[in-house]
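Protein chains in written order, with my numbering: chain A, 1 to 369; chain B, 1 to 325.
For the record, the hints were derived by calculation from the structure and aren't laboratory data. Please note that the accuracy of each hint is not assured.
Claimed, not checked - EDC-like, lysine to aspartate or glutamate: derived pairs with alpha carbons at most 20 Å apart:
1. B/Lys-173 <-> A/Asp-108
2. B/Lys-12 <-> A/Asp-201
3. A/Lys-141 <-> A/Asp-108
4. B/Lys-12 <-> B/Asp-312
5. A/Lys-156 <-> A/Asp-108
6. A/Lys-141 <-> A/Glu-128
7. B/Lys-12 <-> A/Asp-209
To be verified - From the derived model, a few chain B residues whose C-beta atoms are all more than 10 Å from chain A:
8. Thr-4
9. Ile-20
10. Leu-31
11. Met-160
12. Leu-185
13. Ile-192
14. Ala-228
15. Glu-233
16. Arg-243
17. Ile-270
18. Ser-281
19. Val-294
Built from N, CA and C at the ideal position, the CB exists for glycine as well.
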Amino acid sequence: MTKKGIKHLAGKVGGIKNLLIILLATLWGLTLLADIFVVEKIFDPLGYLYIALGIVALRYVVWPLYTGRRLVQYYWQRVKRNRLAVLGLAFILFLILLAVFGPLFTPDPTAANFEQKNLPPVGFTTEESIYNPQTGQFITKTISGTWEHPLGTDNKGRDLLAMIISGAGVSLQVGLLATGIAVALGTLIGVVSAYLGGKVDNILMRFTDIMMTFPFFLLLVFIVFIFGPNLAFIVLVIGLTGWTGTARLIRSETLSLRTREFILAAKALGASDGRIILAHLVPNVVSLIVVIATLSIPGVIMAEAALSFIGLGDPAVTSWGMVLRAGQQSLDTTWWVAVAPGIMLFFTVLAFNFVGDGLRDAFDPRSSV
Amino acid sequence: MGKTWLRDYIIKRLFYAVIIAWGILTVTFILVRIGPTSPADKYLTNLAARGEEPAQVIAAIEARYGLDKPIHEQYINYIGNLMRGDWGWSFSTSMPVIELIKTHWIYSFQLILLSTILAALAGILIGIYSAVRQYSKTDYIATFFSFIGISIPNFWLGVMLILLFAVQLGLFKTYYDTGIPLLSLANLKQLILPVITLSTGMMAGYTRYTRSAMLDNLRKEFVRTARAKGLPERVVIGKHVFRNAILPLVTIIMFDLGSIVFGGAYLTEIIFGIPGLGRISFNAIFADDYAVVVAVTLISAFLILLINLTTDIAYAYLDPRIRYD
């Protein structure tokens, strides 16, 4: 294709970056179709979610961040003054590193080893009575933690540290992917609803009402019960049911933008509805989207953990909820199995809440942080 | 004029509520239908597991559930049956679902009621105190703990409470005893841990809402006026500020009931073995007892619909500033 041809095409869809995105999205769609109908397994389902979200993030997060470096720097200065937010950010980075590189240094989290079951964490000792078949008596044996299993093992001898690291990966994946889907969907529905107004608005908002009337967690349990637990599916379901709050907030924000001069100017210049929505409205609610996304991640992570906790998690992956479930069933012998995943869950949720609050204050022009 | 306006508003809200109720029924119907296994399959597996002749029961089940009929007829029957109070048969407990729910709802109700009252009272009081003494030591401590309360996963908190107070200290039983009469001190005692589990998150949330709502109103002009008039601080806070801050709070509490409390109660009941609606749904999931799971989901959704409707109407009635078109 000639240079001119590319330019012409790019002009049609509103710039070279949009053309690139459309090409990437088409490629993604074709791979997915090929995966379903021609060959088996190019990527697993979660892989597709990653790539799709990556494309959207490239267009609406990475690109604006890059072009708006000065603004980003300004906001970073404001966020930096909030020590808790920085602390939260540091913890999230630590968690990401743990989830990515941790599995390289720890044993298989699913490998049972009954020789080394019920080992307490380093620095703790427990007493276990063991039946001796020769003498027919119980002997009390003191077991202390070893550095081989820094956090101890559960009643099947699985390494708790390895399980926690595996769980960190699951929680982060679910948190980021499901929130990504939910926020993208909520933004789209909110903006379209507010911009088009009238009948569309009415129908979309009534549908939002219906979805909001279901208690979020019970709906989740219901759907996973019907369709079966699978991590990619759980992510998808949380994403497809968790958009309602975002839609409402984005809608009310867009309603006030809709009548502003720059939108009227864009309309007067002949911009299409699609262009106004994607190029003018969405970029103007980005700061709100970022805050909503950060503050929804904790709820999503907790929802997945709660699902695994009641036994509706993906049995193929070790998640914090599942470890907690195992821990609850053996509270009287191995208390540490129940304590560890909860502490991680708690700090993760706390970290995202801190960062979200910090971002909200930083984006709020009225606050002087 | 005022009265007709209110009447029109109520009629409109009722109309919306009917649409939403229909939406809830339709969404659940679609979900169950497009699921990979039909309710009959799960029912069948269970009957076959009990040693009954599968071929014999197929016809019976299909006739019972009308699964041989075209999809639109099934849909109409489904809604019709639910309206008539026929919520299906729970085979894992061998009784009609509606009977099952009638015997178990009270356990969920007592848990949710006690937790909500405790959370609202404590949250509002701490929030007011925190706002009135902004930037004091108490305020910092309250803010700190409310952050912790919001971030702590309530099911983990429940497990930790059991570990500490039941397993280690032996102060409580690890399991809920249904033999104890509901209206007794012993029942109240065994509800202590579950209520703490369920109410901590809510309480933290209400503390934060109350604090920020109070602070918003404390800065307003009418507060300065009230103080300038020489009213005692108690009256300014209690009558002027609190009254204005409380209304949005009621909506938030009502909204929380749907979004957080029902899910939280579900988990709390599972952890403590309280035989409420959450627990029977949980048991039904592992017995593949479709009808119960559907019923509990539907009931919670309808309850929330009812709560929202009541809140909206009460709001319109109570707050003279609110006018909808």
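Each hint tested on the structure:
The hinted pair formed by B/Lys-173 and A/Asp-108 fails the criterion: a straight-line CA distance of about 36 Å is larger than 20 Å. At roughly 17 Å between alpha-carbon atoms, B/Lys-12 and A/Asp-201 fall within 20 Å of each other, so this suggested pair holds. For the hint linking A/Lys-141 to A/Asp-108, the alpha-carbon distance of about 28 Å lies beyond 20 Å, and the restraint is violated. A hinted pair counts as satisfied when its Cα atoms are at most 20 Å apart, and B/Lys-12 with B/Asp-312 qualifies at roughly 11 Å.
About 13 Å separates the Cα atoms of A/Lys-156 and A/Asp-108, which keeps this hinted pair within 20 Å; it holds. For the hint pairing A/Lys-141 with A/Glu-128, the CA-to-CA distance comes to about 5 Å; that is within 20 Å, so the pair holds. About 15 Å separates the Cα atoms of B/Lys-12 and A/Asp-209, which keeps this hinted pair within 20 Å; it holds. Every CB of chain A lies more than 10 Å from the CB of B/Thr-4, the least distance being 23 Å, so the non-interface label holds.
Residue placement check: B/Ile-20 does not keep its beta carbon more than 10 Å from all beta carbons of chain A (closest about 5 Å). Listed as a non-interface residue, B/Leu-31 fails to keep its Cβ farther than 10 Å from every Cβ of chain A; the least gap is roughly 6 Å. At roughly 7 Å, the least C-beta separation between B/Met-160 and chain A is not larger than 10 Å, which violates its mark as non-interface. With a closest Cβ-Cβ approach of about 26 Å to chain A, B/Leu-185 is found to remain outside the 10 Å limit, as its non-interface label requires.
Against the 10 Å criterion, B/Ile-192 stays outside the reach of chain A, whose nearest CB is about 18 Å from its own CB. At roughly 26 Å, the least C-beta separation between B/Ala-228 and chain A is larger than 10 Å, which holds for a residue marked as non-interface. Annotated as non-interface, B/Glu-233 keeps its C-beta farther than 10 Å from every C-beta of chain A; the closest such distance is 27 Å. Here B/Arg-243 stays apart from chain A, with its beta-carbon at least about 25 Å from theirs, past the 10 Å limit.
Residue-level check failed: B/Ile-270 sits 6 Å from the nearest beta carbon of chain A, not beyond 10 Å. A beta-carbon of chain A is positioned within 10 Å of the beta-carbon of B/Ser-281; the least distance is around 7 Å. At the 10 Å boundary, the C-beta of B/Val-294 falls inside the reach of chain A, the nearest C-beta of that chain being 8 Å off.
In summary, the structure is inconsistent with hints 1, 3, 9, 10, 11, 17, 18, 19 from the numbered list given earlier, while agreeing with the others.
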